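Participant: Residue numbers (the working numbering), protein chains in the order written: chain Z, 3 to 446; chain G, 3 to 446.
Just so you know, these hints were derived from the structure itself, not from any lab. The reader is advised that the hints may include incorrect statements.
Each computed DMTMM-like pair below joins lysine to aspartate or glutamate, with the alpha-carbon atoms no more than 25 Å apart [what the hints assert, rightly or not]:
no.	chain 1	residue 1	chain 2	residue 2
1	Z	Lys425	G	Glu346
2	G	Lys10	Z	Glu322
3	Z	Lys425	G	Asp363
4	Z	Lys289	Z	Asp340
5	G	Lys232	G	Asp293
6	G	Lys350	G	Glu327
7	Z	Lys438	G	Glu281
8	G	Lys11	Z	Glu190
9	Z	Lys425	G	Glu321
10	Z	Lys215	G	Asp186
11	G	Lys67	G	Glu327
12	Z	Lys95	G	Asp389
13	Z	Lys273	Z	Glu299
14	G	Lys205	G	Asp127
15	Z	Lys11	G	Asp223
16	Z	Lys279	G	Asp433
17	G	Lys215	Z	Asp192
18	G	Lys279	G	Asp235
19	Z	Lys10	G	Asp212
20	G	Lys425	Z	Glu362
21	G	Lys75	G	Glu44
22	G	Lys29	G	Glu44
23	G	Lys95	Z	Asp365
24	Z	Lys238	G	Asp103
25	G	Lys10	G	Asp186
26	Z	Lys232	Z	Glu322
27	Z	Lys238	G	Glu104
28	G	Lys238	G	Asp364
29	Z	Lys279	Z	Asp235
30	G	Lys350	Z	Asp186
31	G	Lys205	Z	Glu190
32	Z	Lys205	G	Asp212
33	Z	Lys11	G	Glu321
Please read these numbers as outputs of a predicted model, since none were measured by experiment.
Number of protein chains: 2
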Amino acid sequence: MNIREEVKKMKLAAPHVAAMSNVQRNKALSLVAENLQKRADEIFAENKKDLEYADQNGIAPQIVKRLKFDEGKLRDVIAGINQLIQLPDPLGKVTLSRQLDEGLVLNRVTVPIGVIGVIFEARPDALVQISSLCIKSGNCAILKGGKETTYSNRILFGIIYDSVIQAGFPEGSYLQAEQHNEIDELLECDDCVDLLIPRGSNKFVRYIMDNTKIPVMGHADGVCHIYVDKAADVEKVIPIIVDAKTQYTAACNAVETLLIHRDVAEDILSKLYPALKSEGIAIRGTKEVTDIIAKIEAAQVELSQPTDASAAADVETVEETDFREYLALIVSIKIVGDEDEAIEHINKYGSHHTDAIITEDDDAAARFMQLVDSAGVYQNCSTRFADGFRYGFGAEVGISTSKLHARGPVGLEGLVTYKYTLKGEGQIVGDYATGKSTFNFKDL
Amino acid sequence: MNIREEVKKMKLAAPHVAAMSNVQRNKALSLVAENLQKRADEIFAENKKDLEYADQNGIAPQIVKRLKFDEGKLRDVIAGINQLIQLPDPLGKVTLSRQLDEGLVLNRVTVPIGVIGVIFEARPDALVQISSLCIKSGNCAILKGGKETTYSNRILFGIIYDSVIQAGFPEGSYLQAEQHNEIDELLECDDCVDLLIPRGSNKFVRYIMDNTKIPVMGHADGVCHIYVDKAADVEKVIPIIVDAKTQYTAACNAVETLLIHRDVAEDILSKLYPALKSEGIAIRGTKEVTDIIAKIEAAQVELSQPTDASAAADVETVEETDFREYLALIVSIKIVGDEDEAIEHINKYGSHHTDAIITEDDDAAARFMQLVDSAGVYQNCSTRFADGFRYGFGAEVGISTSKLHARGPVGLEGLVTYKYTLKGEGQIVGDYATGKSTFNFKDL
Numbered sequence: 003m004n005i006r007e008e009v010k011k012m013k014l015a016a017p018h019v020a021a022m023s024n025v026q027r028n029k030a031l032s033l034v035a036e037n038l039q040k041r042a043d044e045i046f047a048e049n050k051k052d053l054e055y056a057d058q059n060g061i062a063p064q065i066v067k068r069l070k071f072d073e074g075k076l077r078d079v080i081a082g083i084n085q086l087i088q089l090p091d092p093l094g095k096v097t098l099s100r101q102l103d104e105g106l107v108l109n110r111v112t113v114p115i116g117v118i119g120v121i122f123e124a125r126p127d128a129l130v131q132i133s134s135l136c137i138k139s140g141n142c143a144i145l146k147g148g149k150e151t152t153y154s155n156r157i158l159f160g161i162i163y164d165s166v167i168q169a170g171f172p173e174g175s176y177l178q179a180e181q182h183n184e185i186d187e188l189l190e191c192d193d194c195v196d197l198l199i200p201r202g203s204n205k206f207v208r209y210i211m212d213n214t215k216i217p218v219m220g221h222a223d224g225v226c227h228i229y230v231d232k233a234a235d236v237e238k239v240i241p242i243i244v245d246a247k248t249q250y251t252a253a254c255n256a257v258e259t260l261l262i263h264r265d266v267a268e269d270i271l272s273k274l275y276p277a278l279k280s281e282g283i284a285i286r287g288t289k290e291v292t293d294i295i296a297k298i299e300a301a302q303v304e305l306s307q308p309t310d311a312s313a314a315a316d317v318e319t320v321e322e323t324d325f326r327e328y329l330a331l332i333v334s335i336k337i338v339g340d341e342d343e344a345i346e347h348i349n350k351y352g353s354h355h356t357d358a359i360i361t362e363d364d365d366a367a368a369r370f371m372q373l374v375d376s377a378g379v380y381q382n383c384s385t386r387f388a389d390g391f392r393y394g395f396g397a398e399v400g401i402s403t404s405k406l407h408a409r410g411p412v413g414l415e416g417l418v419t420y421k422y423t424l425k426g427e428g429q430i431v432g433d434y435a436t437g438k439s440t441f442n443f444k445d446l
Numbered sequence: 003m004n005i006r007e008e009v010k011k012m013k014l015a016a017p018h019v020a021a022m023s024n025v026q027r028n029k030a031l032s033l034v035a036e037n038l039q040k041r042a043d044e045i046f047a048e049n050k051k052d053l054e055y056a057d058q059n060g061i062a063p064q065i066v067k068r069l070k071f072d073e074g075k076l077r078d079v080i081a082g083i084n085q086l087i088q089l090p091d092p093l094g095k096v097t098l099s100r101q102l103d104e105g106l107v108l109n110r111v112t113v114p115i116g117v118i119g120v121i122f123e124a125r126p127d128a129l130v131q132i133s134s135l136c137i138k139s140g141n142c143a144i145l146k147g148g149k150e151t152t153y154s155n156r157i158l159f160g161i162i163y164d165s166v167i168q169a170g171f172p173e174g175s176y177l178q179a180e181q182h183n184e185i186d187e188l189l190e191c192d193d194c195v196d197l198l199i200p201r202g203s204n205k206f207v208r209y210i211m212d213n214t215k216i217p218v219m220g221h222a223d224g225v226c227h228i229y230v231d232k233a234a235d236v237e238k239v240i241p242i243i244v245d246a247k248t249q250y251t252a253a254c255n256a257v258e259t260l261l262i263h264r265d266v267a268e269d270i271l272s273k274l275y276p277a278l279k280s281e282g283i284a285i286r287g288t289k290e291v292t293d294i295i296a297k298i299e300a301a302q303v304e305l306s307q308p309t310d311a312s313a314a315a316d317v318e319t320v321e322e323t324d325f326r327e328y329l330a331l332i333v334s335i336k337i338v339g340d341e342d343e344a345i346e347h348i349n350k351y352g353s354h355h356t357d358a359i360i361t362e363d364d365d366a367a368a369r370f371m372q373l374v375d376s377a378g379v380y381q382n383c384s385t386r387f388a389d390g391f392r393y394g395f396g397a398e399v400g401i402s403t404s405k406l407h408a409r410g411p412v413g414l415e416g417l418v419t420y421k422y423t424l425k426g427e428g429q430i431v432g433d434y435a436t437g438k439s440t441f442n443f444k445d446l
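The task is simple: from the sequences and hints, build the whole structure.
Facilitator: In structure tokens, the structure reads:
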């Protein structure tokens, strides 16, 4: 397949997809849901081929779990599509309406972005979700999934494509890329592709960002912080930290670094350390942190039976410059002198994704949330809430750490832009420049 | 000056500038206005040095006109600053407020982008306008103006910097770069600079876009079209086209290409051609166009005295693939079979800046405005209206043809982004995953 040729055709189709009414776009989504249900057995049969391949190639069980597309997953994606149908139309919203002068009216109207390239991980449900968001928002899309789900993606995409054509969408408005080398071809299409959304490993996302002129939305790293303030409620500290680290360790919104106020460090660590240890979470702390832990361990030994070797926690002393995104049961810990030091550390070493403060002092929280320069700034809750579903967006195509356009979880709103329409009766600028006419601004 | 070091410091100052209240930011703007007035004589003296340099180096009069900073320009920039003070605070606006569950509240709040690099043409008033927009929107900025205005920029920037410091802004929150090689250093600072806004020639803007990983807002080309529909009111056609071409020929929103419906082509050209000729506008038309013009000329010769050689219009036959941005008294003309052909031509060859239809048929206009994929789509008015002042934005930092973030004229709204704040009482995601808690979405 010649990606450039296909994408060029898609670019010409895009304004016509943008012009589809909400009724037509919802019709397409209904057909997708209906046809997925109708052809469920075929889908499961194709998915089985991917699972067999995974089995023969010794793919890890946690990955196989994500590859699997069963009745439950089918039910979930169909429920997601039905939710999307219920959501209000993101297009054609007038966000500014202003008379510039008598008979000269400016409107700002939401429109789709156009042609979006999405490169995503080996999850068949992701293909359905992303396509559905693009259909609802009137965008054309080129979709490239992981090779581990080749058979599943092929049949799912086929069903989606047939459904949108049946609903009256133009030929070529959606496209599935199957070959890995097609990604590089896609990266060259900066005259036709309006946006790329890469999902996957840091290294992969970074590669995309470094090798294209197409705007990229997403995030490479997710170095999320929790700052335990001196006014923290200790009862909240441990559940939040354990949730943020363990509830889905490989997620971008899992916490990677804990910052603890010096005034409460010994007290907090005396409770936190055993909790982390019992969850099997390794610690990479600054010397000050590991010294306190050593003291806690020593006190423990004095008080009780010495713990056996296998129960010894994995604790290492590191520099704060070594703190990083682990995506594993490891957490960095540093002690800070005050809130400002915490804020500065986060702005310097963080990835501007999601950072939380635990405190009962609302002024300190307000200051933290003002000064931390991240897409999400939280008080007294887990960083794991950073997610389109949990924000009530229905679904997301990903999370953006960029400051321009969409920031944080990206749902339908992040897939639209706007255009200005100006309707006149023959007005020319010369008349306003010479003073023959004067502007008469009035918001409508 | 080590740009990287300065920009790094600015990045750390940025959250503190973002935290300045509207009162403080307006105070800074008042001081700028006041100090500009107070030091007017010094400014004019420095500007005179730039004018002398221009004179000695034979700089063209139309450029000298832009370099000049006199009482009139001073009055204008001060009026602009006072307007900006009156505008509502663009920061801290809550654009989404949603309860996710009892005691777990999500807000989306507007915040500054952070550190913005602006590279602009040799116009001292541009420096003041751009700085003022950055101050009002709580952004830090690195400013680099044209070398032709070195003396003027130096004193103007000095006054602005002293004023913001006097108003309590942190040291190093604004910076003027004076050396051309500092632009290349700036392009490397993608970890500290959040946005670049280059203004200037196509070649220069393209250079910036091709040589940085920092997001760039702006436009390289401005190939704007006017499509004269078969239902066009002939009375509107000529004034609009002449205004769009001549009112400011070198502007990016000046028209470059005319598309005329075949059914009315002879009639329109019989009136348009003499009008273009009398304005000294050269024509680059497809063969069909130049054939019609030849016929018009022949009829003219038959009817009256032959025109003398000096009055002969500059008409050349070219292919539509040769159409381009002239920024001069030259216009491309093509005849199209229908509206769809016009739309396809614009989407294929245009620069997605501003395109207009002249028609009394509102359905045709609606179709055009829907399907043309540009930042501005106009009916029955000049493309020259694409401008922040004329849209009532107070001022603009430039016009964006990008689809992401700001599109069209970029005023205060284009200089802000948002962050999500989430306030909880200890909520963890695990409780929602296991069904112990359930989301209870409610827009507030």
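Participant: The structure should be examined with respect to each hint, and the outcome stated for every one.
Facilitator: Status of each hint after checking the structure:
no., hint, result
1, Z:Lys425 - G:Glu346, "holds (21 Å)"
2, G:Lys10 - Z:Glu322, "holds (19 Å)"
3, Z:Lys425 - G:Asp363, "holds (12 Å)"
4, Z:Lys289 - Z:Asp340, "holds (18 Å)"
5, G:Lys232 - G:Asp293, "holds (20 Å)"
6, G:Lys350 - G:Glu327, "holds (14 Å)"
7, Z:Lys438 - G:Glu281, "holds (20 Å)"
8, G:Lys11 - Z:Glu190, "violated (36 Å)"
9, Z:Lys425 - G:Glu321, "violated (31 Å)"
10, Z:Lys215 - G:Asp186, "holds (18 Å)"
11, G:Lys67 - G:Glu327, "holds (23 Å)"
12, Z:Lys95 - G:Asp389, "holds (22 Å)"
13, Z:Lys273 - Z:Glu299, "holds (12 Å)"
14, G:Lys205 - G:Asp127, "holds (23 Å)"
15, Z:Lys11 - G:Asp223, "holds (23 Å)"
16, Z:Lys279 - G:Asp433, "holds (21 Å)"
17, G:Lys215 - Z:Asp192, "holds (15 Å)"
18, G:Lys279 - G:Asp235, "holds (21 Å)"
19, Z:Lys10 - G:Asp212, "holds (22 Å)"
20, G:Lys425 - Z:Glu362, "holds (11 Å)"
21, G:Lys75 - G:Glu44, "holds (15 Å)"
22, G:Lys29 - G:Glu44, "holds (23 Å)"
23, G:Lys95 - Z:Asp365, "holds (19 Å)"
24, Z:Lys238 - G:Asp103, "holds (17 Å)"
25, G:Lys10 - G:Asp186, "holds (16 Å)"
26, Z:Lys232 - Z:Glu322, "holds (21 Å)"
27, Z:Lys238 - G:Glu104, "holds (16 Å)"
28, G:Lys238 - G:Asp364, "holds (15 Å)"
29, Z:Lys279 - Z:Asp235, "holds (21 Å)"
30, G:Lys350 - Z:Asp186, "holds (23 Å)"
31, G:Lys205 - Z:Glu190, "holds (20 Å)"
32, Z:Lys205 - G:Asp212, "holds (22 Å)"
33, Z:Lys11 - G:Glu321, "holds (22 Å)"
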